[in-house]
Amino acid sequence: NAGVTQTPKFRILKIGQSMTLQCAQDMNHNYMYWYRQDPGMGLKLIYYSVGAGITDKGEVPNGYNVSRSTTEDFPLRLELAAPSQTSVYFCASSYRVSRQPQHFGDGTRLSIL
Amino acid sequence: AQTVTQSQPEMSVQEAETVTLSCTYDTSESDYYLFWYKQPPSRQMILVIRQEAYKQQNATENRFSVNFQKAAKSFSLKISDSQLGDAAMYFCAYRSGGAGSYQLTFGKGTKLSVIP
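In order, the protein sequences belong to chains L and C. Numbering-wise, our numbering puts 30 at position 35 of the first sequence, and it's gapless, one number per residue. Just add 272 to wherever you are in the second sequence, counting from 1, and you've got our numbering.
One or more hints might be untrue.
Have a look at the derived ranges for each label pair, beta carbon to beta carbon [as the list claims (entries may be wrong)]:
| id | chain 1 | residue 1 | chain 2 | residue 2 | range |
| --- | --- | --- | --- | --- | --- |
| 1 | L | Arg91 | C | Ala344 | 25 to 35 Å |
| 2 | L | Arg91 | C | Gln355 | 46 to 56 Å |
| 3 | C | Gln274 | L | Ile7 | 31 to 41 Å |
| 4 | L | Asp21 | C | Pro312 | 40 to 50 Å |
| 5 | L | Gly48 | C | Gln286 | 47 to 57 Å |
| 6 | C | Lys350 | L | Ala77 | 35 to 45 Å |
| 7 | L | Ser106 | C | Ser279 | 26 to 36 Å |
| 8 | C | Asp298 | L | Asp21 | 12 to 22 Å |
Quick list of in silico lysine to any residue cross-link-like pairs, SDA-like style, CA-CA up to 25 Å [to be verified]:
| id | chain 1 | residue 1 | chain 2 | residue 2 |
| --- | --- | --- | --- | --- |
| 9 | C | Lys383 | L | Thr81 |
| 10 | C | Lys380 | L | Ala77 |
| 11 | L | Lys39 | C | Thr299 |
| 12 | C | Lys327 | L | Arg91 |
| 13 | C | Lys345 | L | Leu40 |
| 14 | L | Lys4 | C | Leu319 |
| 15 | L | Lys52 | C | Gly369 |
| 16 | L | Lys9 | L | Gln95 |
| 17 | L | Lys39 | C | Glu301 |
| 18 | C | Lys383 | L | Gln80 |
| 19 | L | Lys9 | L | Pro96 |
| 20 | C | Lys380 | L | Gln95 |
| 21 | L | Lys39 | C | Gln355 |
| 22 | L | Lys4 | C | Lys380 |
| 23 | L | Lys39 | C | Gly369 |
| 24 | L | Lys39 | C | Ile387 |
| 25 | C | Lys345 | L | Glu74 |
| 26 | L | Lys9 | L | Gly46 |
| 27 | L | Lys9 | L | Arg91 |
| 28 | L | Lys39 | C | Ser314 |
| 29 | L | Lys39 | C | Asp303 |
| 30 | L | Lys52 | C | Lys380 |
| 31 | L | Lys52 | C | Met283 |
| 32 | L | Lys52 | C | Pro312 |
| 33 | L | Lys52 | C | Ser348 |
| 34 | L | Lys39 | L | Gln80 |
| 35 | L | Lys39 | C | Ser348 |
| 36 | L | Lys52 | L | Thr81 |
| 37 | L | Lys39 | C | Met283 |
| 38 | C | Lys380 | L | Lys9 |
| 39 | L | Lys39 | C | Ser368 |
| 40 | L | Lys39 | C | Phe340 |
Everything labelled a hint here was simulated from the structure, so no lab data went into it. It should be emphasised that the depicted structure is a prediction, and the values quoted were computed from it without experimental measurement. For glycine and all other residues, C-beta sits at the position ideal for the given N, C-alpha and C.
Put together the whole structure using the sequences plus the hints.
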């Protein structure tokens, strides 16, 4: 049972480059989320999706885009990478109801130089 | 907007002893859920325990228990018989129970060290 799988685990980008962080879950969860974790801080929500074809902004969406074409996959796109986007990125998923916990991937450490 | 505050950036405990991590939150809602997540050096976020606000009984999971004080908006985590594997960052998180509520709001975390 893989749970939530994120790729890559590490990546270094140059300023202005673009890339896509991949996230896949095999638990048939409706909801999926992208968070970022800056040093010494808790996680902040970037984008979320409540089902295929439906996405919405979280607390810190600027500089990112998402899509959700299938229930399983929820990629996060960085356009024109900036040093402020250096962070650890976590993907998570959950069932529909609020009381169900979110299950997290192992994170992607991204450095923009 | 909801906020979550963890006032202890770092804590330490002797192996086999008990430690309590503090968390307070600010909300005007009556229906919500609270969580403690553990983040070891491997970086993985692991759910430790969950509490529904409508339940008066404090949640317990093996050596982990919470002291949920709804009126005081306090949600502390007690770890009994601490083990070396408990060393990690611990995050308190809040989630609204309302329809259309999806976001987890996290505190800044408490780094727990376990001394052999």
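Satisfaction of hint between Met283 (chain C) and Lys52 (chain L), Cα-Cα up to 25 Å | 35 Å, violated
Hint consistency between Lys39 (chain L) and Asp303 (chain C) [alpha-carbon to alpha-carbon, up to 25 Å] = 21 Å, holds
Outcome of range test on Cβ distance (Gln274 (chain C), Ile7 (chain L); 31 to 41 Å) = The hinted range 31 to 41 Å holds for Gln274 (chain C) and Ile7 (chain L), with Cβ atoms some 35 Å apart.
Pair hint outcome, Lys52 (chain L) versus Thr81 (chain L) [Cα-Cα no greater than 25 Å] | 19 Å, holds
Given the hint that Lys383 (chain C) pairs with Gln80 (chain L), does the C-alpha gap stay at or below 25 Å?
-> Status holds; Cα separation ~24 Å.
Taking only the CA atoms, is the gap from Lys327 (chain C) to Arg91 (chain L) under or equal to 25 Å?
-> Roughly 20 Å separates the two Cα atoms, so the pair holds.
Agreement of Lys52 (chain L) and Gly369 (chain C) with the hint, judged by alpha carbon distance not exceeding 25 Å = Roughly 19 Å separates the two Cα atoms, so the pair holds.
Can the restraint linking Lys39 (chain L) and Ser314 (chain C) be considered satisfied, given a maximum Cα separation of 25 Å?
-> Holds - the C-alpha atoms of Ser314 (chain C) and Lys39 (chain L) are around 19 Å apart, at most 25 Å.
Take a quick look at whether Lys39 (chain L) and Gly369 (chain C) sit within 25 Å of each other, Cα to Cα.
-> Status holds; Cα separation ~19 Å.
Lys9 (chain L) paired with Gly46 (chain L) [C-alpha distance capped at 25 Å] | Judged against 25 Å, a Cα distance of about 33 Å means the pair is violated.
Lys9 (chain L) and Arg91 (chain L): Cα distance at most 25 Å?
-> At roughly 38 Å apart (the allowed maximum being 25 Å), Arg91 (chain L) and Lys9 (chain L) break the hint.
Within 25 Å, alpha carbon to alpha carbon, are Lys380 (chain C) and Gln95 (chain L)?
-> 22 Å, holds
Of the numbered hints listed earlier, those contradicted by the structure are 2, 4, 8, 16, 19, 21, 24, 25, 26, 27, 31, 32, 33, 38.
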